[in-house]
Amino acid sequence: MPNLNLTNILVAVVIVIALWLVLTFNGLIRQRYHVKEAWSDIDVQLKRRYDLIPNLVETVKGYMTHEKTVFEKVTEARTKAMGANTKEEKLGAENILSGTLKTLFAVSENYPDLKANANFLDLQRELADTENKIQASRRFYNGNVMDYNTKVATFPTNLIAGTFGFKKEEFFGLETEAEREPIQVKF
Amino acid sequence: MTLYTQKSSNIRKTWLFFGLFLIIVIGIGWAFSRIYANPSILYFAVIFSVLMNVIAYWYSDKIVLKMARAIPVEHKNAPELYHIVENLSIAAGLPMPKIYLIREKQPNAFATGRNPKHAVVAVTEGLLEKLDRSELEGVLAHELSHVGNRDMLLSTVIVVLVGFVSIISDMFLRSAFWGGLGRRDDREDGQTGAILMIVGIALSILAPIAAMLIQLAISRKREFLADTSSALLTRYPEGLASALKKISSDATPMRAANNTTAHLWLDDPFKGRKKTSWLRKLFATHPPIEERIKRLREISV
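These protein sequence lines are chains H and A, in that order.
For the first sequence, the positions run 1 to 187 when the numbering used here is used.
For the second sequence, the positions run 1001 to 1301 when the numbering used here is used.
These aren't lab readings, by the way, just hints derived from the structure by calculation.
Possibly wrong hints are sitting among the right ones.
[Stated by the list, open to error] Below 30 Å or equal to it, Euclidean Cα-Cα: the simulated DSSO-like pairs (lysine-lysine) are:
{"hint": "1", "chain 1": "A", "residue 1": "1013", "chain 2": "H", "residue 2": "36"}
{"hint": "2", "chain 1": "H", "residue 1": "47", "chain 2": "A", "residue 2": "1076"}
{"hint": "3", "chain 1": "H", "residue 1": "36", "chain 2": "A", "residue 2": "1098"}
Turn these sequences into a full structure, and let the hints guide you.
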């Protein structure tokens, strides 16, 4: 019965295609969720830094009477970073904030009294640690974005990604071009 | 590439092993029930071995930590170690594992725990003393990669499979010697029966060895993979490479070294017997250090 055979084959093909569609779609959803999750990890660390800064400024105020602009700039940069809406804006503002903090700690070298303040040293250590954690979460986020973007852009997943509106995500603060490339592994 | 990719591939492999395991169990169960009228001994053995391994899997972390005499570490006792682990788990997207310290002078480390939520990373005192920060980062990233790659899950399932194969072969050998398969001799002429017997005995001797070799090969492959993932996490493969060099050239013995846990450690805790003949390579839980360092240096970040 050639007729029945043909319908059987057709049904099988349709089922396989439908299955592939569902699996690929779910895979994309899952990866997009990974990216979102990784972004919130960065957010947690950035918030931690925002919370530490007022304490730092409060501690420094009493000592750095001659260099008000230094810690005023930190406060200003913090406000700007907290108000940033897009990832692009956020990245720029965070970089400026890191810069102002660096200046502040450099200037603090001129104040031996401040350097002897236990509270200040604690804050300095914690901010340095937070900076490392921001780097770490950023790396995790960028790794996830790279996986997701590769999926969205390559055939045949790109057909589904295009149809259902999966868009490429932005990287967050890549230091070097090399980070954009997948790591080369030889087995 | 993130650890997510590795994780899903490992979980897939675990299911594959489970599937294979089931097929083999059913197949052998069927064969035995054909040979004997009463397969209850076999069922008992299967249930027993599975149960044993499930328990082992569930309590493996506690047992292993007890065996190594490890003590938990708080943030205030070792803030630097704590921060390194914290940062690496953020970079790996893993929950913060518990950290344990082992009072041993040999620099070494291991990771255990049935899933990332119950993960444990243990380091020896010697490791903290002898390595600098970037080396320590490489080692800890290697251990965290084992957690992230779900290597514990995979290796436990493999242990179940290997244990099962040895039980089956053992049973076959016993029954062959005590004439349990005697029914066959009556029918055929002696020759075919004898050949079948010899093949059966040869297989039951070779199968467990083959299974064990597969287990060891997988264990070695997981080490390479964890090395690679470590390089991925720290983006500095030289850190782990130089740590491995230091660890391999360090001859301090370990008091808590034990055959059953040897495959868990960063490097083989039994030191001294340094010859890498093909036979030793075949039975090693870890790939030779020189090869691991060579591969790490081939990674371009």
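Hints, one by one, checked against the model:
1. A/1013 / H/36: holds, 27 Å
2. H/47 / A/1076: holds, 23 Å
3. H/36 / A/1098: holds, 26 Å
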